[in-house]
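Asks: Residue numbers (numbering that gives the first Met the number 0), protein chains in the order written: chain A, 0 to 223; chain B, 0 to 254; chain C, 0 to 284; chain D, 0 to 328.
Treat each hint with caution, since some may be false.
Said to hold, decoys possible - Taking beta-carbon pairs under 10 Å as the criterion, some of the chain D residues facing chain B (in silico):
no., residue
1, Ile-33
2, Arg-34
3, Arg-35
4, Arg-39
5, Glu-41
6, Asp-42
7, Thr-45
Calculated from the structure, these hints are not laboratory results.
As the structure is a computational prediction, the values presented were derived from the model and not from experiment.
Backbone N, C-alpha and C fix where the C-beta goes; we use that ideal spot for every residue, glycine too.
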Amino acid sequence: MQKSRSALDHDLTQNREDILRMGSMVESLIHWSLNSEGVVSIGQVTEGAQRGTTIRERIEKRSLQMLATQHPAARDLRCVIAAMHIARELERSVHHCSGIARLNAHDEEVRRYAILQHMREHAMTMTHSSMDAYVRGDAKLALETAARDEVLDESRTLLMRTMLTTDSQPAAPVLLRAIWTAHNLERIGDRVVNICERVVFEATGHLSDASLPASRRWMENTTA
Amino acid sequence: MKTKVRLENVHCYYGNFMAVHDVTLPIYDRQITAIIGPSGCGKSTLLRSINRMNELVGGSVRGSLWLEEQNLYAPEVDPVKVRRRIGMVFQKPNPFPRSIYENIAFGVRQHKLAAKNEIDDVVESCLRRAALWDEVQHKLKMSALQLSGGQQQRLCIARTIALQPDVVLMDEPCAALDPIGTGKIEDLMQELKRDYTIIIVTHNMQQAARASDHTVMMMMRDDRAGEMIEFGETNQVFTRPRDKRTEDYVSGRFG
Amino acid sequence: MNSSTAPISAPALPWIQPQIGIQRAAARNGDAKMTLEDVSVFYGAFCALRDVNLQVRDRRITAVIGPSGCGKSTLLRSLNRMNDTVTGCRVEGRLLLDGANVYDRHVDPVAVRRRVGMVFQRPNPFPKSIYENVAYGVRLQRNVPKREMDEIVERCLRDAALWDEVKDKLQRSGMTLSGGQQQRLCIARAIAVQPEVILMDEPCSALDPIATVRIEELMQSLKRDYAIVIVTHNLQQASRASDYCAMMMMRSDRAGELIEFGETAALFTTPQDKRTEDYVSGRFG
Amino acid sequence: MQEISWNPHIFALSFFFESNKQAYMANTHTPLDIRRSRRRGEDIATLLLTACGVLSILTTLGIVFVLGREALKFFSSPEVTVIGFFTGTRWAPEGGLFGIAPLVTATLTTSVIAMCVAIPIGLAAAVFLSEYATPRAARLLKPALELLAGVPTVVYGYFALTFVTPLLRSLLGQENVEVYNMLSAGLVMGVMIVPLVGSISEDALSAVPRSLREASLGLGATKLETTFRVVVPAALSGIIAGVIIGISRAVGETMIVSLAAGAGPNLTLNPLVGAETMTGHIARISGGDLSYESIDYTSLFAVGMMLFAITLTLNLISRYFVRRFREAY
C-alpha cells in the first residue's frame, strides 16, 4: 500500500516525460537550425515548432485537469505550475529555432561564423543541463546553468561589436541575419534562465530572478 | 500579532499513557489556527486540553497553558469558567432538543448574561452573527433538531458565541456536512475571526488550506504519543512545508 | 482487453455459482452494467427522485455528487432494492441490470442484493470475528468446507488490502479494528459474495485522510473486476477517484434530479450546466 | 416591576446586564474572572446524590446483615447442623428436620417450567415486535404485552388454581395430576414472565443498529437469516440479561406458587405433584403465629439467605454473560 495517489503520480510523470521530450527537441532543433555542414529543411523545423506547440498544449491541458481533479499540494503543486511554465519557455525556444532556421536556411555564410557556432553549442549545452537539473530537481545545477547565460550575452555583444567595427563588413542582409540569429540564440539562453528559475522553484518553493547574482548567492545559501 | 493562548511544553496524558508530547505553540489573537494530522496523533486531545475538556474523561496535562496572562491549569482556576471563556463546537452538531430560541437563551440565562427583557435581542444578535437569522427568524419556536445538519452546526456556533467566549475551539465541525454546509461554516469562521480566536481540528486538508491562517501539523511517534512536527503560516505549510512528513501528508502521500 | 469469449463479467472464482433471478450477460469493459431509464422514487406521496436516466459502466467508477437531500443515497439504494426495506417506498421506471429489469415482479430482491453489493457510510462490521465477518455472506449461500473458507477469507482480505494487517488476529472481533480497517473489512465482506456491482454510500466520510486514500486506492484496484458506484460529499474524492460523475440537485418541489452526467475530468474542468459549475467550484447558492 | 426602580441592588444588576447587552451588540468581550468561586447549589446537589447512592448500599447491607444475623442464630442452635441443612432430604421444622433440599427442588422445578414457557414465547414476541411487526401492529401489541405484566400475581395464582389445574387434570387424567401441582404454577408463572423477558429482549433487539441489518441484507441475506444470524447474536447480552432477570423473578415469585403449587415440602422433581417452594414456605410460615425466638422463626431467615444466595448467583452469572457476550456496535 505504498502506491497512494497513483493517478496523480502517473500524470506528473507524463508531464515530466513531455517536458523532456520538448527539451531534447529544442536541443536538436538548435543543432539543425544552424548546422554548418548540412542543409536544413525549413519544413522540418517548422514541423518541429508545431509539435512543440502540440506538446505544450497537452501539458497545459493535463496540468489543468490535475489541478481540477487531483488537488496537488506542496511539491506536487509546484511541479504542476513549473511544468506549465517550462513548457511555455521551451515552446518559445522552439519558435526561436524555427526563426533561426528561416533566417539561415539558404545562407551558408552566416552559418559559418565561428562565434555563432560557439553560441549555438553553448545554447545547446545550457538547454541540456537545464533539463538535467529539471530531471534531478537539482537547484544548484539550475543556478549554475543560469549563470552561464552571461556567455551568450557577451557573445552577442562581441559579435555586434566585431561585425560593426571590422573593415571587411559583410553585406547588410548577412549582417542583419547574423545579428538576428545571435539575438535569437541569446533569447534561447534567457529562456533557459527562466526554466532554471522554475527548477529552483519546484525544488525549494522560492521564486526569484536567477539571473541576478545577488539572488543567486542568496539561494545558494538557502539550498545548500 | 498578539498571542491569545500560549502552550508551553504541554504534555497530555490519559492515566500513564502519554497522548501528546511536548507541544509549545502560540495561538494568535483573532486568527484561525488549524490543527491537522492523521488519526490518533492527539489533535483532539490537544484541543480539548485547551478548555480543560479532557479532564472529563480522565485526561491530565503537564506543562502550562496560558490564556493571555492567566495560567489555565493554576489551582485557583475553575474549569467551568475556563469552558465559558473558551467555547467548543463539536464534530456532530449537538443542539439541545429544544426550540431554536431556547438553545441560545439557555446558556445566556444560566450565566445571567442578560436581563430577561433583553434575551430576545441577544438571541437575534447571536443568530445574526452565526449567519442563521435570515433562515430561522420566522421559526424560532421550532425544535432545533428539525434544522438541516449545516444549520444545526451554525446554531451550535451561535450558542457558543452567546456565552461571549474569547476563544472558540472547533473539533472537525464540518465532518458531518455536505460541501454547501461546509462552505457556509467556513464563511462564518472568516466572519467570526474578527472578534474571536478560532482553533479548528480538521481532517479535510483543503479546508485547512483555504480557511486557516496558521497550521499546526501533528504526527504520532513510535511510542504512540502525538507531537507537533511543524507550525507555520498556512500558505507556507501547504506550499513549502519544511518537514518531509508534512510534505507527504499535505500532498496526500502516506506511508 | 476482455474479449467476447469471456462470458462472465466478474472473475469466475470457484466458490459461488452464478446467481438466480437474473442471468448474467456478456459484458466488456466500460459497457453499461446498469441502465436507469426514467427512474423515479417515491416515499408515499413524496417524490424523492424524478426521471433519472443514467448508465453505470462496467469496470468503471461512477461517482454521484450533489448537495444534501438531493436524493443521492435514495438513488444508490434503489440500485440494489435496499429501499424495499423502507415502508411506503415505490420505484417507477426501468432499472436494468445487464438488460433485465431489477424491479420486475418475479425478481427476488435478495438475489439482486447478492449481485449488487453495498458498503455503507459508517463502517458497520458485524459484532463477530474478522473471519466470521467475511465468511458470513458466503455461508448464507452454501456450506463451505473449512479449508475452502479459509482460502476465501484470505483472498477477500487480500483483495481489500487488509490481509497483512489482520492475518494474525482473524479471530478478534471486527469491532476492534480502526475505522479505516473496519471499512476495508466491510469491503472484503461485500466482495466475498462476489457481486458484480459495488455500491458505496459515502464510504470515507467517517475516516481520516490516510484511511480515505487507502479506500480510494482499493477502489482503483477493485474496478478491474467490478462496476463501482460511489456517493460522496467530498468533491475532491469524486474528482480524483472516479471515471464518470453524476451531478444531482434538488428541484423546487424537493425531488432530486440528475442535472449532468459525464466523464469526471470533463465535468470538473468544463461543466455544461451552470449549477454544476457553481457546485464543483464551491460557489453555492 | 415597580420595585425595581428603587431597589439599588437590582438597579445595579440591571446596569450590569445593560453593559452586557452592549457587549453583544459591539462584539466586545467582557473579561471574565476564571478563578474558582463557591457554587453552593452544585455542592448541595453532589451531597444529596451521594447520600442517595450510599442509602441504597446501606439498605442492601442492612438486609444482608439482618438475614445473616438471624440465619446465624438458626445455625448456632443445637438442633441444626450446616451439613444437615444442605444434605437433609426433609424439611419438617415441627419434627426438627431442617433439610433445605425439598424447598430448593420445588423452586427449581417451578422456575424451570416457567422459563420453558417464558423464554421461547418472550423471545418470539420480542423478535416479532422488533423485526417483523409493522409499526401499527407494534403499537397495538406492546401495550397488550405490558398489560400482562400489570396483572397482580394473586390473580395469576387463582387463574392457575381455578383454570389451569382443572384443564391439566382433564387433559392428563385426574389420577395423575394432584390438585396442587408445580406444573400449573410453573406454566402460569411463565406466562407472567413473558412480558418481562419479551420487553427486555425487545429493547436489546431494537438497540441493534439498523446499519447491521442493512449490511446483512446488502449481502443478500433474507430477513430471517438477518434476524437470527446477525440481530439476535448482536443483542445476545441483552437477551441473556432479560432471561436471567426472568429466572430471578421466577425464583422469587411467591403468590402463584403458594396458591397453586401446594403447601407441604416435598422432595420430588415430578411436576404433577404438589410441593412447596422456598418463597411459598416463607409466606406460609411467617403468616402463622410464631414466637420470635423459636427455631421455626429463625429457619425462615436461613431459607431467605439461601434464596438471596441463589438470586445473587444468578445476578453474577448474568453480569458475566453480559460482559462475555457484549458485542459493542
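Asks: Looking back at the numbered hints, which does the structure fail to meet, lowest number first?
Replies: As far as the earlier hints go, 4, 6 and 7 are violated by this structure, in ascending order.
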